[in-house]
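For the record, the sequence lines run as chains F and V.
Under the numbering used here, the very last position in the first sequence is 468; numbers go up by exactly one each time.
Under the numbering used here, the very last position in the second sequence is 1553; numbers go up by exactly one each time.
The hints are simulated quantities; they were obtained by calculation from the structure and are not laboratory data.
Glycine included, each C-beta is placed from N, C-alpha and C at the ideal position.
Wrong hints could be hidden among the right ones.
Some chain F residues flagged as far from chain V (calculated, every beta-carbon gap over 10 Å) [as the list claims (entries may be wrong)]:
| # | residue |
| --- | --- |
| 1 | Met-22 |
| 2 | Arg-62 |
| 3 | Ile-127 |
| 4 | Pro-141 |
| 5 | Lys-373 |
Once the Cα atoms are required to be at most 25 Å apart in a straight line, the calculated BS3-like pairs of lysine-lysine come out as [unchecked claim]:
| # | chain 1 | residue 1 | chain 2 | residue 2 |
| --- | --- | --- | --- | --- |
| 6 | F | Lys-93 | F | Lys-128 |
| 7 | F | Lys-93 | V | Lys-1040 |
| 8 | V | Lys-1184 | V | Lys-1141 |
| 9 | V | Lys-1033 | F | Lys-128 |
| 10 | V | Lys-1478 | V | Lys-1358 |
| 11 | F | Lys-93 | V | Lys-1029 |
| 12 | V | Lys-1478 | V | Lys-1017 |
| 13 | V | Lys-1141 | V | Lys-1182 |
| 14 | V | Lys-1494 | V | Lys-1025 |
| 15 | V | Lys-1037 | F | Lys-93 |
| 16 | V | Lys-1296 | V | Lys-1319 |
| 17 | V | Lys-1029 | V | Lys-1494 |
| 18 | V | Lys-1542 | V | Lys-1494 |
| 19 | V | Lys-1025 | V | Lys-1478 |
| 20 | V | Lys-1033 | F | Lys-93 |
Chain V stretches covered by chain F per the calculated footprint, using a threshold of three residues with CB under 8 Å from any CB of chain F [as the list claims (entries may be wrong)]:
| # | stretch |
| --- | --- |
| 21 | 1028-1042 |
| 22 | 1099-1108 |
| 23 | 1126-1136 |
| 24 | 1139-1151 |
| 25 | 1155-1169 |
| 26 | 1422-1431 |
| 27 | 1463-1472 |
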Amino acid sequence: MISSHSREAYSLGQIPITPSAMATQNGCKLCAPLGASLVFKGIRGAVPLLHGSQGCSTYIRRYLISHFREPVDIACSNFAEQTAVFGGGANLKTALENVSRQYDPALIGIATTCLSETIGDDVPMFIKEYRAGRNAATVPPMVHVSTPSYQGTHMEGFHAAVLAVVSALAHDGTAGSEQRVNIFPGMLSPADLRHLKDIVAAFGLKAMVLPDYSETLDGGLWDTYQRIPSGGTSVEDIATAGSALASIELGHTLASRTLTAASLLEERFGVRAIRIGLPIGLRQTDALMLALAEVSGRPVPPRFTEQRGRLLDSLVDGHKHVNTIRAAVYGEDDLVAGVTAFLSEIGITPVVCATGGRSRHLTAAVQALVPQKRHAHITVLEEADFAAIEAAVAAVQPDVIIGHSKGYAMSRRLSIPLVRVGFPIHDRMGGARLLHVGYEGALALSDRLANALIDQRQAASPVGYTYM
Amino acid sequence: MGTAADSKKEMLALDGKDPGTVRRKLLEKYPPKIARKRDKQIVVNRIEPDGTVPEIQSNVRTVPGLISQRGCCYAGCKGVVLGPTRDIINITHGPVGCGFYSWLTRRNQTDPEASPDGHNFMPYCFTTDMQEEQIIFGGEKKLRQAIQEAFDNFAPKAIAVFSTCPVGLIGDDVHAVCRDMKEKLGINVFGFSCEGYKGVSQSAGHHIANNGIFTHVIGTDDTVRAGEFKINLLGEYNIGGDAFEIERIFDACGLTLVSTFSGNSSIDQFANAHTADLNLIMCHRSINYVAEMMEKKFGLPWIKINFIGAQATAKSLRKIAQYFDDPKLTERVEAVIAAELPTVEMAAAQVRPRTEGKKVMLFVGGSRAHHYQELFSEMGMRTLSAGYEFAHRDDYEGRRVLPDIKVDADSRNIQELEVLPDADRYRPRIDECRAGELAAQGLQFSEYDGMMTEMVQGSLIIDDISHHETERMIAMFKPDLFCAGIKEKYVIQKHGIPLKQLHSYDYGGPYAGFKGAINFYEDIDRMVSSRIWGYLKAPWQKNPELTAKYAFE
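The shape of chain F in the complex, shown without the other chains:
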């Protein structure tokens, strides 16, 4: 039986803490338009536009930039006080006009904010009105997604934007000679996206990855000026999603959603929907390989069997360092589920699995991914803030904590090493380039975990051994 808690009492340094029950203290989630903006950054030539106060785009830009260390342009309809009273139609139309003129975008992705949602702006109508007076050929496609932050986290915004883009752009068309597959990867790193694309290509499949910000948010220096950074999945490719062989969507907790991009394509165009977890660790990557082999009708290319062999070899080699270790994991629901699955494969007990997310599906995912005999040792926290997470972590004193930069304060107070994964990572270099998925991602993650543990033992040794 996994115990599923929310917030409980703990103590922190000199200051005694009682449960933070209603308010959120040190949140473990970001806001919905951030997730939507990230999705739009993964479309070739797209410009995200937030309908609301300029602070939203500024804050979201500065936050994404602190993680990716790349340009992130997000336009805004810049509400004024009178806009908040009389509605944002005129502002949105001005913004659409200006974004079109400056960027000549292939798509404008419009996400709402708390402000425009609270006053009840009818964004689809504004878009229609804007388009009505203009030559359809010269106006870029516009996708609207409703992302009030009082209805969910950045992951709700992310998934809603993927769904909105597919719903607006995909059509059935003809399959053509290419063997195409839709990949809905969830919120992964640019390195993960690149690796996923390589894997899919090795099966002779053409992948439509949505979103694909592997280049737009992790590019090189520019020889010449780029109005919108190159890369991303094109609007034309997204349009073909309705005639793909299958859609593979990654994420265990997507099951909590009534409609996803993959299920929409299945309903509307009969594209087969395959749902597997984030391919983190051995078994989840195996599942991805089998799915791709089945969809493509080809055997798994030998190089992946080799990668898998190297991963297993390394897990055997590193086993002495990680066996019997206990870990706490936090972050987005699906990332936590994926990492948890991997930990249980290598002998680490995930004693705390926590998310600020609200899929309410993490407990079920963890139950499915971790052998039953360990369930008694696991606490799952959903819709948790760091006050609750820290309470749970302090209570069980794991050997290692796995998650993003916001857990640093907890790691420091509890003197438990933090291995960084996910988003946001703004206190280390390369946070955006971390590889989590595939056999190679698992290899990198297991090395980093083992090394964090070795490092701690080494530092604690009074002698300074180099053979640990």
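Chain F is already provided as a structure; the job is to place chain V on it using the hints.
Here is chain V on its own, set in the frame of chain F:
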């Protein structure tokens, strides 16, 4: 003005480029209406013999769809002004994002050991995390609970509440909740109506924060503490440890710092600030309201100072000594300057061979674009163009234009407090006669001359520069260094031009005072002397014929 020599100098100021052409290139992509608006915000500097400069439109709403550097009212109130105070629990009343994004992101430093209770809530992020239920049925109940929980968990001296966009729209009365909770808990609890849509930028939030601190905190503790030459430092936010360096210098000079608004500050200092004898204003834009109101209510005069730049620091210290007019203080100030300045000048001389004549552009803040020109000129670097993100005309043209500033609808919505002299505590620190004497000696009270008066003729001033204009400027001028913030940093660097963040200092600092100047010279030297940009093209891209030859052989 207007001689041939002047026009030659003006040409040099813009690297020989014609200002008209430059402006046209900045504006040509805009629709006519927007081009006309932006045109008033882009000005070629010209200082008339009477010291006046051209009018620049500023503090006006950013055009929707133009990507701006600006933040919102909430950011200015919670993030900038109140953020650096360690012992107030700041609760963001709203959905989760706003609090999360302003969670210790500005690199404000603090020294918790400076307060006896050791309270430091800056690493925490408190929010009511509003859900749909609160949007529909109101959020006051949840806010009340959030305040109670914060009090139960941390026993703080004060709790402040910051409203985000939905709060104003659904009509939550945060001030009533704060009053109730203040009475219930017996600690200071106060709220700010700093919804993001108010005003045109974070500047509105500064004003709202100033009003709130003045109303709820300043003057609530009349204890007169020991110490001579009591000063408050206003508009210093301890980014990268600036306040620590300034405090070191004040200590060395024998000045008593009563409070700083708000770098390395405690709420106890604010409560007691009215017992000081002089207000020093660093960032005029964000804090001049508090200085004005303190003068009206308590009789403290204010002067504009600047501790960015070694010469500026020395000049500012001398101004303080001049005000107090005490031989012992003057002697100590001169001794500190004499002890510190040679080391700084030596450091400047060391970098100058590499920095002399290099070109810089600064588009940042409401004072930094001005202050940092001091440091650059100490390194022999030229400011081609500069502008503020959220300043007003007085920050550009000087306070002399205050009577002429048109108050638009956006500014009118920000409350101006009516302040009268305090019946018991109003005490003018100097009389008019003495103030006149000091003014005759060059010490101006309640005066700020603005950025443009200190800039070269012909340099280009751009208010609220847009992303698009930034790229145009880069393409036209290829400056050696660009100064802005994190949102601009990576796009500028993609072009092969280093960007120094002057909001957060790029992980560096302090840059204030004497030691800070040395840090700055060294950091800038490294940035403008870097060889990395020379490797932009791979050898085979530079010499394609070479590769071709090998292939042919």
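Tested hints:
The beta carbon of F:Met-22 sits about 4 Å from the closest Cβ of chain V, which is not more than 10 Å, so the claim that it is off the interface is violated. With a cut of 10 Å on Cβ distances, F:Arg-62 falls inside the contact zone with chain V, its closest approach being about 5 Å. Non-interface call for F:Ile-127 relative to chain V: holds, since the shortest CB-CB distance, roughly 14 Å, exceeds 10 Å. Remark: the non-interface label on F:Pro-141 is consistent with the geometry, its nearest Cβ contact in chain V lying 17 Å away (cut-off 10 Å).
For F:Lys-373, the shortest C-beta to C-beta distance to chain V comes to about 36 Å, beyond the 10 Å cut-off, and the non-interface label holds. The suggested pairing of F:Lys-93 with F:Lys-128 holds, with an alpha-carbon distance near 10 Å, which does not exceed 25 Å. With a C-alpha separation of about 23 Å, the suggested pair F:Lys-93 and V:Lys-1040 falls inside the 25 Å cut-off, and the hint holds. Our distance criterion of 25 Å between C-alpha atoms is met by V:Lys-1184 and V:Lys-1141, whose separation comes to about 15 Å.
Under the criterion of a C-alpha separation no larger than 25 Å, the hint pairing V:Lys-1033 with F:Lys-128 is consistent with the structure, at around 23 Å. For the hint linking V:Lys-1478 to V:Lys-1358, the alpha-carbon distance of about 11 Å falls within 25 Å, and the restraint holds. At most 25 Å may separate the alpha-carbon atoms for a hinted pair to count; F:Lys-93 and V:Lys-1029 meet this at roughly 17 Å. Distance hint between V:Lys-1478 and V:Lys-1017 is fulfilled; the C-alpha atoms sit about 13 Å from each other, no more than 25 Å.
At roughly 15 Å between alpha-carbon atoms, V:Lys-1141 and V:Lys-1182 fall within 25 Å of each other, so this suggested pair holds. The straight-line distance between the Cα atoms of V:Lys-1494 and V:Lys-1025 is roughly 21 Å, inside the 25 Å bound, and the hint therefore holds. Distance hint between V:Lys-1037 and F:Lys-93 is fulfilled; the C-alpha atoms sit about 18 Å from each other, no more than 25 Å. At roughly 22 Å between alpha-carbon atoms, V:Lys-1296 and V:Lys-1319 fall within 25 Å of each other, so this suggested pair holds.
For the hint linking V:Lys-1029 to V:Lys-1494, the alpha-carbon distance of about 22 Å falls within 25 Å, and the restraint holds. Restraint check for V:Lys-1542 and V:Lys-1494: the C-alpha separation of about 18 Å stays at or below 25 Å, so the hint holds. Our distance criterion of 25 Å between C-alpha atoms is met by V:Lys-1025 and V:Lys-1478, whose separation comes to about 15 Å. A threshold of 25 Å between alpha carbons decides the hint, and for V:Lys-1033 with F:Lys-93 the separation of about 14 Å falls inside it, so the pair holds.
Residues of the stretch 1028-1042 of chain V with a Cβ under 8 Å from some Cβ of chain F number 4, which satisfies the need for three, so the listed coverage holds. Coverage of a stretch by a chain is defined here by at least three residues with a beta carbon nearer than 8 Å to that chain's beta carbons; for the stretch 1099-1108 of chain V and chain F the count is 6, and the condition holds. Requiring three or more residues with a Cβ within less than 8 Å of a Cβ of chain F, the coverage given for the stretch 1126-1136 of chain V holds, as 9 such residues are present. Only when three residues or more bring their CB closer than 8 Å to a CB of chain F does the claim for the stretch 1139-1151 of chain V stand; here the count is 5, and the claim holds.
Residues of the stretch 1155-1169 of chain V lying with their CB closer than 8 Å to a CB of chain F number 6, which satisfies the three-residue condition for coverage. Evaluation of the coverage hint for the stretch 1422-1431 of chain V: breached, as 0 residues show C-beta separations to chain F shorter than 8 Å, against a requirement of three. For the stretch 1463-1472 of chain V, the stated coverage by chain F holds: 3 residues have a C-beta nearer than 8 Å to a C-beta of that chain, and at least 3 were required.
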